[in-house]
Amino acid sequence: MAVAGKQFTTLSGVPIEPLYEPEQLRGFDPARDLAIPGEFPYTRGIHESMYRGRLWTMRQFSGFATPEETNRRYHYLLQQGQTGLSVAFDLPTLMGYDADHALSEGEVGKCGASISSLEDMEILFRGIPLSEVTVSMTINSPAAVLWAMYLAVAEQQGADWKALSGTIQNDILKEYIAQKEYIFPPRPSMRLVTDTIEFGARHTPRFNPISISGYHIREAGSTAVQELAFTLRDGIEYVEWALERGMEIDEFAPRLSFFFNAHNDFFEEIAKYRAARKLWAHVMRDRFEAKEERSLKLRFHSQTAGCSLTWQQPYNNVVRTAIQALAAVLGGTQSLHTNSLDEAYALPSEQAVTIALRTQQILGYESGVANTPDPLGGSYFLERLTLDTEMAAQDYFRRIDEMGGMISAIEKGFPQSEIANASYAYQRAVEGKEKIVVGVNAFQSEDQPIELLQIDHTAEEHQEKKLAALRGRRDNGRVRKTLSVLRCAAEGTENTMPLILDAVRAYATLGEICDAFRDVFGSYQETAHI
Amino acid sequence: MNPPIRVLVAKPGLDGHDRGAKVIARALRDAGMEVIYTGLRQTPEMIVNAALQEDVQVIGLSILSGAHNAIVPRVMELLREKDMTDVQVIVGGIVPDEDAEALKQQGVAAVFQPGASLDAIVDFIRGSVYGSKADSFD
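Chains as they are written, first to last, in the numbering used here: chain A, 208 to 737; chain B, 27 to 164.
Some hints here could point you the wrong way.
As the list claims (entries may be wrong) - Chain B side only, calculated, beta carbon under 10 Å to chain A, not exhaustive:
hint, residue
1, Arg55
2, Gly58
3, Ile97
In short, the hints are calculated from the structure, not lab data. By construction, the Cβ of each residue, glycine as well, lies at the ideal position given by its N, Cα and C atoms.
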């Protein structure tokens, strides 16, 4: 029974009508707006057979404490049937500081694995053949350095770079917008990103040099439309920089990949993924005149929404995650991370991450949802929502174009304030119980205690000792020389990747290499607004 | 009528997750408080200096990285050194129960864990600054 006066909206606040019928789809042309899976504009998916050909890659984001401990977790996950790896680095690594830097105190290994040198990267992938396992690395500001370490390990293993498959996140724009793990100012950072895209196109044709990410934008409190629009507009910015560098669109566009959130509102999320594919196909064809079909196809990873997990009644998080993962699968994701029930508290325990992986396996092998592509295609409600999402995103594209592009928009604080407004509005709605969060503002009960993964200070000590030994053992003359060559290159315009590789091979540390860049590029400070 | 409460909202450590800090800052401002937000990556020294210069009654620390046991004790120590123990320190973020207890024993006035309501935080700050007058403050 309808409640008089009650507003029905999506999680992002989009109003929902009482019923969806053909009436709401007037002007909708299935041939133009949908086509069949695998055909332009790919609304229904990028492959003709979708998961009948191959299920999505089950890729749990994982990393904690030392590279030794994380390596053990990777072996465990692969034994459990996980089909790809995804590296989580700790905050010092993400910020380009070595484990023994003063600002790293208390942070080493807390949010991910601590990697300060090629030696740590060698340990991280010990016994894991990089020519066979695809690896995704969540690293942004110092992405070029960590990627160079990865390529150097592959080289040591005798793997052919041309056969390597994986992804570095390397999406600096969303750091300024949402995640805030930036080191250098936007323009030199964009130059480093462009260096990796160019290097990748020449040397690692199967590796994605960037994963243009909406996940963090959403976690920072954006709406679904903002997540979609800012992410794709970031994508446009990267394309423009690569073209400016002199690359051909079809030379690098097929390797641009994306990363979206899978949040609570089931249909809104599915509409978002479908609209994303359609929008990107049009952007690539109409705005950039890409010719190759692979350039037009938006491939994406998804992760269930960390910010939706509750501290209260943590077992409920298994259910939330399952529903979110189902949305990602029905939206045609290429790979998926499912959060663990304990992640509102800590990095996941082995037991919790196993349930999260099993959730994906149940979806893939038991539920039947992978039997046919885009099974919800043609739903009046979903198609209307997809069209509306697309139009709302285009409106943001126009506004950002008018500001002179995404970097100018960021400098004006535009996406940042849009997100802050949305996140405050949401929190107010939770406060007023207009939005219900089970176990938090309704249906409260006594919490069940859960076993948590503990990371103690021994990880920090272990990493510091290893680093001190490395600094004593390596050829420090060679380190100094490679760093000085790198500094010179940073001042000029040449591609820095080959020189970063030289420094990494000499066992220059992450912090030393980032300091060379800091000397030349400076550090970025945002103007904080509330 | 009491003068507006002055609050410093600070993000210590390397953690860039500022959603919570910004939401809290706005909520406190909407509740009539004067809020100064430090921005990201503040050291304990920077935070205590800002608290001194801005003459705040409350410092709110937002930490989601797990580094609270390294950061918060240092802030408390600096407040004692500078004879600023009248400044109330509250912590928000991912802080397990046992750590929250330990922080309170070191002088932290309150720890707000995920899911805490904005009203509860506003009420706590009013109560801790104005004591029993908090009830009649509105």
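Hint by hint, here is what the structure shows:
1. Among the interface hints, the one on B:Arg55 holds; its C-beta lies about 7 Å from the nearest C-beta in chain A, closer than the 10 Å criterion.
2. Checking B:Gly58 against chain A by beta carbon gives a least distance of about 15 Å; that is not within 10 Å, so the hint is violated.
3. Checking B:Ile97 against chain A by beta carbon gives a least distance of about 6 Å; that is within 10 Å, so the hint holds.
Hint violations for this structure: number 2 only, all remaining hints satisfied.
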